[in-house]
Amino acid sequence: MEHLNKITRNPPKVVMVCEDGIDLLDLYSNVLELRFGVIKVSSGCDCINKYVEQKTNGSNVDLLFLDYKLGDMLGDVVARRIKEQLYQDYLDICL
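All residue numbers for the sequence shown refer to my numbering, where the first residue is 1 and numbers rise by one.
Incorrect hints may appear among the rest.
Stated by the list, open to error - With a cut-off of at most 25 Å between alpha-carbon atoms, the simulated DSS-like pairs for lysine-lysine come out as follows: (1) Lys40 to Lys50; (2) Lys69 to Lys50; (3) Lys50 to Lys13; (4) Lys13 to Lys83; (5) Lys40 to Lys83; (6) Lys69 to Lys83; (7) Lys40 to Lys69; (8) Lys83 to Lys50; (9) Lys40 to Lys13; (10) Lys40 to Lys55; (11) Lys69 to Lys55; (12) Lys83 to Lys55; (13) Lys13 to Lys55.
FYI, nobody ran anything at the bench for these hints, they're computed from the structure.
As the structure is a prediction and not an experimental result, all values here were calculated from the model.
Make a model of the complete structure from these sequences and hints.
The following block contains the structure:
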(Lines of atoms letter the chains of each structure in order from A; the text may use other names.)
(Lines give C-alpha, C1' and ligand atoms only; values in the text may rest on other atoms or scores of the structure.)
Protein backbone atom coordinates (compact mmCIF):
# COMPACT_ATOMS: atom_id res chain seq x y z
CA MET A 1 0.00 0.00 0.00
CA GLU A 2 2.92 2.32 0.59
CA HIS A 3 3.58 2.57 -3.12
CA LEU A 4 0.05 3.93 -3.60
CA ASN A 5 0.77 6.80 -1.24
CA LYS A 6 3.82 7.97 -3.13
CA ILE A 7 3.23 10.89 -5.42
CA THR A 8 5.58 11.02 -8.34
CA ARG A 9 6.03 14.39 -9.91
CA ASN A 10 7.41 14.92 -13.35
CA PRO A 11 9.41 18.07 -13.92
CA PRO A 12 7.24 20.84 -15.37
CA LYS A 13 7.19 21.33 -19.10
CA VAL A 14 9.18 24.36 -20.21
CA VAL A 15 7.88 27.01 -22.60
CA MET A 16 10.15 29.66 -24.10
CA VAL A 17 8.22 32.86 -24.83
CA CYS A 18 9.68 35.23 -27.42
CA GLU A 19 7.80 38.52 -27.66
CA ASP A 20 9.22 41.99 -28.26
CA GLY A 21 6.24 43.76 -26.68
CA ILE A 22 7.06 43.86 -22.96
CA ASP A 23 3.40 44.02 -21.87
CA LEU A 24 2.51 40.98 -23.99
CA LEU A 25 5.65 39.14 -22.88
CA ASP A 26 4.64 39.65 -19.25
CA LEU A 27 1.01 38.69 -19.93
CA TYR A 28 1.85 35.46 -21.76
CA SER A 29 4.51 34.54 -19.21
CA ASN A 30 2.27 35.18 -16.20
CA VAL A 31 -0.46 32.95 -17.61
CA LEU A 32 1.91 30.17 -18.68
CA GLU A 33 3.78 30.22 -15.34
CA LEU A 34 0.63 28.90 -13.68
CA ARG A 35 1.32 25.50 -15.27
CA PHE A 36 4.75 25.55 -16.90
CA GLY A 37 8.32 26.63 -16.44
CA VAL A 38 8.84 29.75 -18.54
CA ILE A 39 11.90 31.29 -20.18
CA LYS A 40 11.33 34.85 -21.41
CA VAL A 41 13.21 36.50 -24.27
CA SER A 42 12.39 39.70 -26.15
CA SER A 43 14.20 39.44 -29.49
CA GLY A 44 14.80 36.92 -32.24
CA CYS A 45 18.55 36.94 -31.65
CA ASP A 46 18.13 36.35 -27.91
CA CYS A 47 15.65 33.57 -28.65
CA ILE A 48 18.06 31.73 -30.94
CA ASN A 49 20.97 32.07 -28.53
CA LYS A 50 18.97 31.08 -25.43
CA TYR A 51 17.23 28.14 -27.14
CA VAL A 52 20.50 26.74 -28.50
CA GLU A 53 22.17 27.29 -25.10
CA GLN A 54 19.36 25.45 -23.29
CA LYS A 55 19.42 22.49 -25.68
CA THR A 56 23.23 22.33 -25.75
CA ASN A 57 23.34 22.22 -21.94
CA GLY A 58 20.84 19.36 -21.89
CA SER A 59 17.96 21.47 -20.61
CA ASN A 60 14.61 20.92 -22.20
CA VAL A 61 12.43 23.43 -24.01
CA ASP A 62 9.14 21.71 -24.80
CA LEU A 63 7.49 24.53 -26.73
CA LEU A 64 8.61 27.75 -28.36
CA PHE A 65 5.88 30.42 -28.13
CA LEU A 66 7.11 32.80 -30.81
CA ASP A 67 5.91 36.21 -32.01
CA TYR A 68 5.92 36.33 -35.81
CA LYS A 69 6.94 39.95 -36.33
CA LEU A 70 9.78 40.70 -33.94
CA GLY A 71 11.79 43.93 -33.99
CA ASP A 72 14.96 42.29 -35.30
CA MET A 73 13.64 39.45 -37.50
CA LEU A 74 10.59 37.41 -38.42
CA GLY A 75 9.55 34.39 -36.37
CA ASP A 76 9.96 31.93 -39.23
CA VAL A 77 13.58 33.08 -39.61
CA VAL A 78 14.13 32.46 -35.88
CA ALA A 79 12.71 28.94 -36.19
CA ARG A 80 14.79 28.17 -39.28
CA ARG A 81 18.03 29.35 -37.65
CA ILE A 82 17.37 27.29 -34.52
CA LYS A 83 16.74 24.21 -36.63
CA GLU A 84 19.90 24.84 -38.67
CA GLN A 85 22.11 25.34 -35.61
CA LEU A 86 20.81 22.26 -33.81
CA TYR A 87 20.40 20.11 -36.93
CA GLN A 88 16.81 19.51 -35.90
CA ASP A 89 14.04 18.53 -38.29
CA TYR A 90 11.30 18.97 -35.71
CA LEU A 91 10.61 21.93 -33.45
CA ASP A 92 7.43 22.51 -31.39
CA ILE A 93 6.41 26.10 -32.11
CA CYS A 94 3.34 28.20 -31.49
CA LEU A 95 3.83 31.12 -33.90
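Checked hints:
no. : hint           : verdict
1   : Lys40 to Lys50 : holds, 9 Å
2   : Lys69 to Lys50 : holds, 19 Å
3   : Lys50 to Lys13 : holds, 17 Å
4   : Lys13 to Lys83 : holds, 20 Å
5   : Lys40 to Lys83 : holds, 19 Å
6   : Lys69 to Lys83 : holds, 19 Å
7   : Lys40 to Lys69 : holds, 16 Å
8   : Lys83 to Lys50 : holds, 13 Å
9   : Lys40 to Lys13 : holds, 14 Å
10  : Lys40 to Lys55 : holds, 15 Å
11  : Lys69 to Lys55 : holds, 24 Å
12  : Lys83 to Lys55 : holds, 11 Å
13  : Lys13 to Lys55 : holds, 14 Å
When each numbered hint is compared with the structure, no violation occurs for any of them.
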